[in-house]
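Visitor: Below are the chains, spelled out letter by letter.
2 protein chains.
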Amino acid sequence: MVCVGVDIGGTTVKIGFFTETGENLHKWEIVTRKEERGRYILPDVADSILETLKQKGIEKDEIMGIGIGVPGPVVHEESVFECVNLGWGKTNVAETIRELTGITNVKVGNDANVAALGEMWKGGGEGYNNLVLVTLGTGVGGGIICDGRILTGSVGAGGEIGHITVNFDETVACNCGKKGCLEQYASATGIVNETKKALAASNVETTLREVENLSAKAIFDAAKSGDDFASQMVENLSEILGKTLAHVAHVVDPEAFVIGGGVSKAGEMLTERISRYYNANVMLALKNRDFRLAKLGNDAGIYGSARLILE
Amino acid sequence: MVCVGVDIGGTTVKIGFFTETGENLHKWEIVTRKEERGRYILPDVADSILETLKQKGIEKDEIMGIGIGVPGPVVHEESVFECVNLGWGKTNVAETIRELTGITNVKVGNDANVAALGEMWKGGGEGYNNLVLVTLGTGVGGGIICDGRILTGSVGAGGEIGHITVNFDETVACNCGKKGCLEQYASATGIVNETKKALAASNVETTLREVENLSAKAIFDAAKSGDDFASQMVENLSEILGKTLAHVAHVVDPEAFVIGGGVSKAGEMLTERISRYYNANVMLALKNRDFRLAKLGNDAGIYGSARLILE
Chain D
171 MVCVGVDIGG TTVKIGFFTE TGENLHKWEI VTRKEERGRY ILPDVADSIL ETLKQKGIEK
231 DEIMGIGIGV PGPVVHEESV FECVNLGWGK TNVAETIREL TGITNVKVGN DANVAALGEM
291 WKGGGEGYNN LVLVTLGTGV GGGIICDGRI LTGSVGAGGE IGHITVNFDE TVACNCGKKG
351 CLEQYASATG IVNETKKALA ASNVETTLRE VENLSAKAIF DAAKSGDDFA SQMVENLSEI
411 LGKTLAHVAH VVDPEAFVIG GGVSKAGEML TERISRYYNA NVMLALKNRD FRLAKLGNDA
471 GIYGSARLIL E
Chain L
171 MVCVGVDIGG TTVKIGFFTE TGENLHKWEI VTRKEERGRY ILPDVADSIL ETLKQKGIEK
231 DEIMGIGIGV PGPVVHEESV FECVNLGWGK TNVAETIREL TGITNVKVGN DANVAALGEM
291 WKGGGEGYNN LVLVTLGTGV GGGIICDGRI LTGSVGAGGE IGHITVNFDE TVACNCGKKG
351 CLEQYASATG IVNETKKALA ASNVETTLRE VENLSAKAIF DAAKSGDDFA SQMVENLSEI
411 LGKTLAHVAH VVDPEAFVIG GGVSKAGEML TERISRYYNA NVMLALKNRD FRLAKLGNDA
471 GIYGSARLIL E
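Line order of the protein sequences matches chains D and L. In my numbering, each residue carries its 1-based index in the first sequence increased by 170. In my numbering, each residue carries its 1-based index in the second sequence increased by 170.
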């Protein structure tokens, strides 16, 4: 049997065919056509799946189902109230794909949650049944798996850990409108902003002053090369993140944290520091949890949505 | 069919018979015999259940099952590694009760989690499927229900929100060994300690100076009578709790928070203030969740453990 995983992003839709044991048989991308409030996206996905099945000589009755990750909160593994990035209002994604493909087992999940499921299945979280995926990219995304299943929450806002308030004195607003969110300090954007502020506020010597377009990568590279100022910036990010993940642990008690997204390319340097601050701020029963790096990169979404079908 | 709910506490064991729809048919208590590492507790429970069934003329095959709440972390709804308050080391509670009673459907849960299930079934959380119970007593306990089921976590530490660090500068240790836990400020003990500190640190006029054995109740009563200092103490507790529940909401996205324990007798005065600080610190999708008072008091445990059987 073949599981189909679809990850709908703002620029491209990734699609993959998988075996039930998580072997990727084939994967490809199509463009996300956002015009006319995104009305072509789901028909494009259905057409592309049906066409590729035909090309590969796979019959419809060999399909276990289609899982779909979307960038917005999902209710009942079926529909979304809104997907701002795609132009969608209220949309029953699962029903639409059922009608367009004739395949009945269709499930929908939020992209960050589905990525967590993917990392659990075949990535950095393999072997765990309870984990928290933290995606450090432009923002900070979160996906929580409890007993092997996505923790969705009552309106699909489960795992929105990027918006936990970590600084009650912040005066600048986050994209969400609130002030002092984790995302404002621990994302790629966040560490760059914090570093720029610190550079402007002091005369400290650092190789970062010579960098033209300051990026998270540049900061981590400088830290690895022994730049003390850059290292302190990484330390600050790790402290904020480690303390916040300690909060999260007292709520869901995961076996492991999996760190993904662009910032996670910093590697063990980052997980080692985060885990140090984490351990200093959890009760005994929660100490020494595993901190792993995500492995699937941009493919986490297609793995996870394919896995959704097997629940 | 009859569901049996058992709540094993450090002083008494509460036991109740319930219908499948949650009507309490009969309830009683026995003493918790903690001598010899608590070896008599489970035999006493089994004897008391069997004897009461006989008295009431209920046949064993009319029993749906026995649910048991214990004061410690529970794994696989079966056993505990340790229950310090009862003197137990590693104990398979479910298996022991099965052997002693001949009733096969036996499930075990942590007392705080089981209380949350009870409040969901027949208490302040009735009608909700996703809720967080916060018990403000000597300590701060937590129980989380997601999609109608207890969130246990990987080692049974799910919902341990009383030990979320809320003050990273605290120098005094919590009972758990960590410093700055929610429990140090938002429990009955916590508000008394904080009030004593504030009284010692200032010359502010307050009726509380005349109170001999300062209690949480005295502080809330003074606040209700218009004592500004006492009211500020309640405000501080509400701020810490509201902000921490905001953290929790970004993790599990509950429909409602149910506030229980002795401190909750302060009533709407408390929930109104907590909810104000909560709303100021959550992202839009999480705003305006319901804050309810627990209703079952000390019976929450027997209701919840009986309900465990129906999962």
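Mixed in with the good hints, there may be bad ones.
Said to hold, decoys possible - With a cut-off of at most 30 Å between alpha-carbon atoms, the simulated DSSO-like pairs for lysine-lysine come out as follows:
(1) L:K387 with D:K413
(2) L:K413 with D:K349
(3) L:K387 with L:K413
Said to hold, decoys possible - What follows is a list of derived Cβ distance ranges for each label pair:
(4) D:S249 with L:K230: 53 to 59 Å
(5) L:E199 with D:V342: 55 to 61 Å
(6) D:N262 with L:Y210: 54 to 60 Å
(7) D:K457 with L:T222: 39 to 45 Å
(8) L:T222 with D:K230: 32 to 38 Å
To be verified - Residues on chain L that point at chain D, a partial pick, calculated with CB under 7 Å:
(9) V245
(10) I334
(11) V336
(12) N337
(13) K348
The hints are simulated quantities; they were obtained by calculation from the structure and are not laboratory data. Please read all numbers here as calculations on a predicted model, not as lab measurements. Heads up, the beta-carbon is just placed ideally off N, CA and C, and yes, glycines get one too.
Visitor: Which numbered hints are broken by the structure, listed smallest first?
Guide: Numbers 1, 4, 8, 9, 11, 12 - these are the hints that the structure violates, sorted from lowest upward.
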